Amino acid sequence: MRLVTVVVHVALGSGLLLGFAALGIVGRGRLARLRRQLRPRLRLALPYIALLGVVLIANKWLRTMAQEVSWLLGLEITAGIYAIEGEFVPWIQSFASPAPTAVLSAAYVYGYIFVLTFPILAYLALEDDRPLRETCLAYSYNYALGLVLYVLFVAYGPRNLLPDLVDSLMYTTWPESQLLTSQVNANTNVFPSLHTSLATTVAVLAYRTRETYPAWFYLSSILAGAIMLSTMYLGIHWAIDVLGGIVLGYVSVVAARYWDPIDRVQTRVRTSAALPLDETGGRIRDD
Amino acid sequence: MRSGGSDAVSTLSRRALLAGGAALGAGATGGLVQWLRGAPWSAGSEQLSLSIKTVPADADEPATRIARHLATNLQAVGVDASVVPKGTAELRRDVLQRDAFDLYVDRLPLAPDPDALRSLLHSSSTGRVGWHNPFGFTHSRIDGLLDRQRRTSGTERRRAMADLLREIAAEQPFVSVAIPNDIGAVRTDRYENWQTAPLHSPLRYFRLRHTGPGMADRLDLAVTDDRITRNLNPLSARYRERGTVAGLLYDPLGRWIDGEFQAWLASDWTWIEGDTVQVQVRLRPDLRWHDGEPLTAEDIAFTYRFFGDTALGEADEPVPAPRLHGRASLVDEVEHRGRATVRISFGEVPRSVARRALTAPILPRHVWEPRAVVTEPFGVDVDDTLTDAIVWSNPEPVGSGPLRVRNRVVEEALVLERFEDHFLHRSTDAEQPLSGLDYRELHLRVAPASEAAVELAESGDVDGTMFLSDPAVVPRIGRASSLTLDVKRAPVLYHVGFNTRRGPLGDTAVRRTLARLIDKGYVAETVFDGYATPVATPYAGTAWAPPGLDWSGSDPEVPFLGTGGELDVERTRDRIQDIGYDVEGGTVIQR
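If you read the protein sequences in the order shown, they are chains C and X.
For the first sequence, my numbering assigns the number 1 to the initial residue and increments by one for each residue that follows.
For the second sequence, my numbering assigns the number 1 to the initial residue and increments by one for each residue that follows.
Treat the hints loosely; a few may be bogus.
[Claimed, not checked] Calculated from the model, a selection of chain C residues having no Cβ within reach of chain X, i.e. all distances over 10 Å:
no.	residue
1	Ala32
2	Val103
3	Arg210
[As the list claims (entries may be wrong)] Mimicking SDA-like on lysine to any residue, the simulated pairs with C-alpha atoms at most 20 Å apart in a straight line are:
no.	chain 1	residue 1	chain 2	residue 2
4	C	Lys60	X	Val410
5	X	Lys488	X	Gly530
6	X	Lys488	X	Gly259
7	C	Lys60	X	Glu411
8	C	Lys60	X	Gly259
9	C	Lys60	X	Ala413
10	C	Lys60	X	Glu412
11	C	Lys60	X	Arg230
In case anyone wonders, no lab produced these hints; they're calculated from the structure.
Quick caveat: nothing in here was measured; it's all calculated off a predicted structure.
C-beta atoms are modelled at their ideal positions from N, C-alpha and C, and glycine is treated no differently.
Using the sequences and the hints, build the whole thing.
Quick look at the structure:
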């Protein structure tokens, strides 16, 4: 099955990137400590990771029904986006050539997966579990809000509206990639760009942890920029989708800082049960 | 006055800009200016504005590009035109159910017999859901010719048809743009005998032979249209394209096989031609439905009645099936005589036309009769009556065909299995039109686009593709050593449909001028890479088309207002003014 082959290739590639970054950015010291304290840290992180898992599964499960509802209730904005934005994406594509296509295709797939997964590892390697919690929460908000916006808006990307001006560059040079992306994207859901929003989320969180991981802040910002550019260069998204994605990404991070539903539940359980604090990992509460 | 909410968006216009970073800024400013201009409170006249609905490039790139070609030329002339992409089923809902469109670009399946034009254009067809005059077009001379061609045969019919096609070309209820080629890729390592029938014909898939010993376990085919995983209702005009998959699951009384009209569900038939035409059909013995129930003459009688009125008399007016109705409309009456004999009466329709009715798929009464109720689906505003039979998705189809559905994964795959009780698979039957299927299962795998489908074939994940619409894959198939290219003229017409109920589009002169904004030759060359024929009429290239409508480098009736794809803007504006529209400051003003 071809899809399996693509998934394996991409997983291996991303895994390699993760490995290098883990050694180079996280550092052997932290990695060693992580190995020793893996179980307690995972236990603390579990509710957040579980929440993210639930959101992802619900997303996939609801996607088909959401499509139907979207056509019935949503606003069709493709023509409107084009009316406002004009031929900006065709202009970006006018600079297309094989080298940038290869690099930006790699950024769109490998870079994106790396940018999403590395923070989980990097923040798991920290004593302070707050960045990890916020990352999982911000991802969850991204997907949840993204789903709502997908239902509210029906939007096709530039390669689907303007095939005379825009090429599906990645799909023509790397056809198997469409087998992978079609599992995750629906071509009617380009607004907002989830690639952009999640990359923005990661970059903003990287800014917050720039003292611990200065290199990651620079790397993630560059990657986020490359990913945003790639979505337009490859004809997949409009500039307006990217702007929407930046807003969604930022809002998700803010929401993650101020609304932690798991913490609320845990606090309520803890105070109502009047039990002593859990001492296994030592929650560091910073208020 | 019905209107789709999304049409409001099309009043936003845009300026084309290609210069660097100014593209975005100027685009935004330009859009704002035009929006202000079009706003209801703005002083001064309103620009003529048209929206063109079609499918996105992933679904059918040529359709999107035809729409873009027309929109670009309209913009150049000063009409505010926008392309509005919609999913295929959603586009069909807007066009065939809601009358919610100005123009649309879509593919029309062309039945071999042009009697199919009657459902498409007759004024009595308006107000019905489906391929029943979606244009809202009424023309008494065309009505007369549509009726006449159905009652005549031989040279008289040919003459009536020629007149009809000429009138249609003069009136342009729709613009015939091009007849494309179906493109497919096949592997010859595991199966052979691919080219016995076209890519869209169920016969092709019935006749495939496994190259290895014995029967194969499975046949895998790539398709690019996922609607078969969402809905398998043969009556649905929204979800069916050419009825290929439905043709695997349902059987007709007779089929065209290698140029001969042969009995299929029927074992034989006798035509009785007197003042009226009738046919007495005897069914094969012991026919079964996929659920084991016997297929009898009652099902035949039911089917023809049902296509004519899916409400079976329960609604105020008949609610014909959105597609396939044309064939059933030829039938006056069906009487079943015993379990295995039916007599079908056609009135004054000659045998050569009446035969068409026998190609309709037969439906099981015990499944469909309960669905003959009027229904109002949630959230959809439709003026015309719908029945449950029309909107039902038919998730576990009960047909009588050589294949039946085993399971499906929405958006991904449909798995069919060999129906052992089919007459092809019973060696006891005397006259078999074909031998049985040479595989146990047929897996239809949905690929996101034509490129991906070819990729699956090249890698050996599938044994071949069904029909693809993107000509860009042809060189790729040609280069692949494991694949054989299959290219054949498709019985499909790319066309631009007009909603003649809407203002300017009710004016023939307007439609003819709009038709002249399409350079069909240029489209065939660039959009289809030459894998299409530009046409001036739906039945171009057949014996039915009059010589006056032959393509001669340009459309004889509505030639392009320009050359080589370039529109002559001044000339077009003159023409627009000639037909009574003002052009002020480079924009065409609404009347």
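These are the hints, each one checked on the structure:
| no. | hint | result |
| --- | --- | --- |
| 1 | Ala32 | holds (43 Å) |
| 2 | Val103 | holds (21 Å) |
| 3 | Arg210 | holds (30 Å) |
| 4 | Lys60/C / Val410/X | holds (12 Å) |
| 5 | Lys488/X / Gly530/X | holds (12 Å) |
| 6 | Lys488/X / Gly259/X | holds (17 Å) |
| 7 | Lys60/C / Glu411/X | holds (12 Å) |
| 8 | Lys60/C / Gly259/X | violated (48 Å) |
| 9 | Lys60/C / Ala413/X | holds (17 Å) |
| 10 | Lys60/C / Glu412/X | holds (14 Å) |
| 11 | Lys60/C / Arg230/X | holds (17 Å) |
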